[in-house]
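Got chain H; can you put chain D on it based on the hints?
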Amino acid sequence: MTAATLARPTPLSRGLRFELVKLVSQWRIRLVVLACWVAPGLFVAAVSQQSTLPVDTLFGRWMHATGWAGPLVLLGFAGTWALPLLTSLVAGDVFAAEDRLGTWRHLLVAVRSPRRIFVAKSLGALSVLVLMVAGLVFSSSLGGVLAVGDRPLVGLDGHQLSAGEAAARVLLAWACVLAPTLALAAIGLLGSVLLGKSPMGLLLPAVVALALQLAQMLPIPVPVRLALPGYAFISWNGLFTSPAQWGPLLIGIAVSLLWAIVATALAYVLFLRRDFTSLATDGTGRRALFLGVLPLVVLLVLSVVVIRTATGVSGSGIGQEKVQRSVATAFAHLYRLQTGQLNRPDVTEAQLATTADCNKGGGRRDPEGAGNDWRCVVTWHLPGTTATGQAIYQLDLTPDGRFMADGDGPKEVNGYFLVHTPTGDAPNPLWQFDGTVDLLSTTPKG
Amino acid sequence: MERPRAVRARRITKCFGEVVALDEIDLDVAPGQIHGLVGPNGAGKTTLLGLLLGLAVADSGQLEILGTPIRRALDAPDGVAGFVDGPGLYPSLTARQNLAALARLRGLDPRGAGLDEALDQVGLTDVADDRTGGFSLGMRQRLGLAAALLTRPRLLILDEPSNGLDPVGARHVHRVLTGLAADGAAIVLSSHRMDDVEALCSEVTIVATGRVVFSGPLSKLAAENRELDYRLRTSDPARARALAAESPGITVVEDEVVRGLVPAMDELVARLVRENIALRELSPVVSPLEAAFLNLTEEK
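Top to bottom, those sequences are chains H and D.
Every letter in the first sequence is one number past the one before it in numbering that gives the first Met the number 0, and letter 279, counting from 1, is 278.
Every letter in the second sequence is one number past the one before it in numbering that gives the first Met the number 0, and letter 118, counting from 1, is 117.
Honestly, the hints are just simulated from the structure, not real lab data.
Check each hint, because a few of them may be wrong.
Covered stretches of chain H (chain D as the covering partner; in silico rule of three or more C-beta atoms under 8 Å from a C-beta of chain D) [to be verified]:
{"hint": "1", "stretch": "14-25"}
{"hint": "2", "stretch": "110-123"}
{"hint": "3", "stretch": "404-414"}
Idealized CB from N, CA, C, for every residue including glycine.
Bound-form chain D, shown alone:
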């Protein structure tokens, strides 16, 4: 028997007046998967995340969350948590009071709801008793994540969780998200930071003007993509450049930048090795995801 998916969306359409925000979107997210949702501003990401959170219902199409069909707004099942448009925090309350109030609202006893653990996980223990009115955007994002953790989510929806995070904060968030996924929770996050998506997500959906332009593993995205620019650093740059220029499917763009598809790059590496040229770096100038994002969204 097939395991129910955390999210199963088929031909989801959502309009606001005459504006089509989502146009026959399909989405599948498996338990334990961190799924990235990327797209330019106004692509429909937040609307889609809102549907997954249960804030609204699609005008047409089918949506199942944690195996439960969603037919009405605010009908999402237990186990769904997260935020869109930033975490909802009250500036007159401290971080701990915000979590405690939310825990009580959800019927949890704040003493046993794991407030301290949640604050520790997102690295906010030191400021637990500070009013959130003075928090930076990154701290607010982390507290929003802590609030979601209280409910022990099976599906976590996060809208731009990396906004405003410093490297330490980002590390906390990454650790929490990978831990949750390892425990079987599905996570859907939107981000404009491709490095975050690449670091965290096993699958990605690219949305442009309300339509899915790509959905699948990151590796598939790279394979499907057009030629990429790679930074090539070797022990003998002049010979390496000459070899690259002779290699089929490779174009030398600059001194240390070559362009080509992945198979052509594989062949170039083999030739460099055969010529006893040490390879010190071969990396995409622009990440495959970012390149794909730009290509696919610009095509739209």
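The following block holds chain H by itself, in its conformation from the complex:
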């Protein structure tokens, strides 16, 4: 017998293929991938044919008008439920599955490198997640376009995006939510490494996502809101205003990516520290839990400090001036849309010179922050005359800056009536509309 040569670690490509084979062989993964590629299209097509639309969901009221509203309705739902659950299913189980099956030693002997196992597993989970997200985008877009058509989309400030522009923004919005999805996936990896066989590892991304959503519903200061890794699930809304609200969006993405990097790095370090020769342990323990959680808490605190310092914004980020500007802008754009739908002579936003006067609680409360007691009086110049028109809106404004304006008269302007559109009769666009307040923008002086 001659001395043998030292075996080299298995190349990463082979490890990745092995992980993908294992993932795809699971019926639940195959079923979910199939569902991601089929169900959204059917859902969007079916809802688009209904007489009642999901107006509580952003862009839901436009699902009869354009096929590009469907993927955005789905995006709102996905950010709340689908993506956290998908990351739980894939990333939350990728390491724990080996503990459950007792296959760690087998895998280590075959691959000979814990580093490559970690990278292969992470890339495997990422690949399957991206495949699922791609299915959601493709299917919902196809369903929307086939059922309703490739038509212009009304943005969150009432301005119209051409069909091509809408398509590009829809894709960009979905690309943006990949960042918080990655953050949740990294938290899933960390949970899977930290919690071993415990089912909490599988549930962790969903639990964290739920906690982040609850936090976003609270009246927390803007720097804290933006420092939470799930904010990019909301901040894509800013892509549908003109100009786009890039600040919150980019900060949200940057924070999400930072969380993804830090959580993945923590999972990597903890995984490499694990002793696979000891049968008694699956790597869990209070010390490991502490090492896994503490750096993320530090990251959150640092993010708050940096965002606060860099933006100079504090408080809710929702002030009277901003609300007035947002409402007036959306009204002007939608007035112009209504004018076209009523076959009246076109007017420009400049000619309308719309302004809004908003107060909160009937003027008895400080006009600051979220609430459903905002009331705005919109004033505009009637085209061709020196007279001005006035309309009243009740606003339901959520802490993340999104609002729904509900027309409160006069009914000829913002009451409920049907208008003719290229896709059939639709409610008066000035009756109810969605909008968003840029939490980071500063109020212009004077």
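For chain D alone, kept in the frame of chain H given last:
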């Protein structure tokens, strides 16, 4: 020039925290040898097998695998295969898919890696396309062995390979292991089934509380052992019992059970023959290995 041993371990010590799992263990396994590793639960067998597979590195001592010194974890050379704590199989894959995935992971082309031959050798051809999630423990053990065969091992490490095997499965496994050994591969296996170890192994190492209490050929173990109980069946039980009672070094335990060392038994057989008493059976009530195992481990 001396042929390198498949395993050469000297004063191997491995601790987990304050627990000493292995305490200055020596082990030699020659190519072509099937070496049994026996010991009570918690003796350190699995830890030792893990070191041989390269899963971990000893805290102190020297370990050479296939002539290569092992200094780091996962540093075992090519040609080492096997499993500890049961074979690593994925229940959502079929038997063939498990082997194919493993073959690809190891850089082998599944079409030329001998999947069918390996499945045939362990008697799993009929269930090759069934998901392993529904496999019994014995079938999983055999598939684990098939997975190890794909790599054409020169050193095969098996932790309790007989667990859950029915007689047919056991026969398949025995045939595979003896065939591999005949081709020059060294095999180290742990087992709680002494009949398996006796049937398969030419040498055995008994471990108790992390220390080697015996290592060597089975024949040496029997010779070194204390008195054994033997079942004695003859054509004239009454005269045979009387002869046994008179024989030096022999104690009659029951009607057909006598106790003594091997030389005393040899003398008793000679006397029975001289007295024209036909000997129909003379066999240990408890196997020499099991008796030695119990004696040595209870002493510890």
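Cross-check of the supplied hints:
no. : hint    : result
1   : 14-25   : holds (count 7)
2   : 110-123 : holds (count 4)
3   : 404-414 : violated (count 0)
Hint 3 from the list above is the single one not met by this structure.
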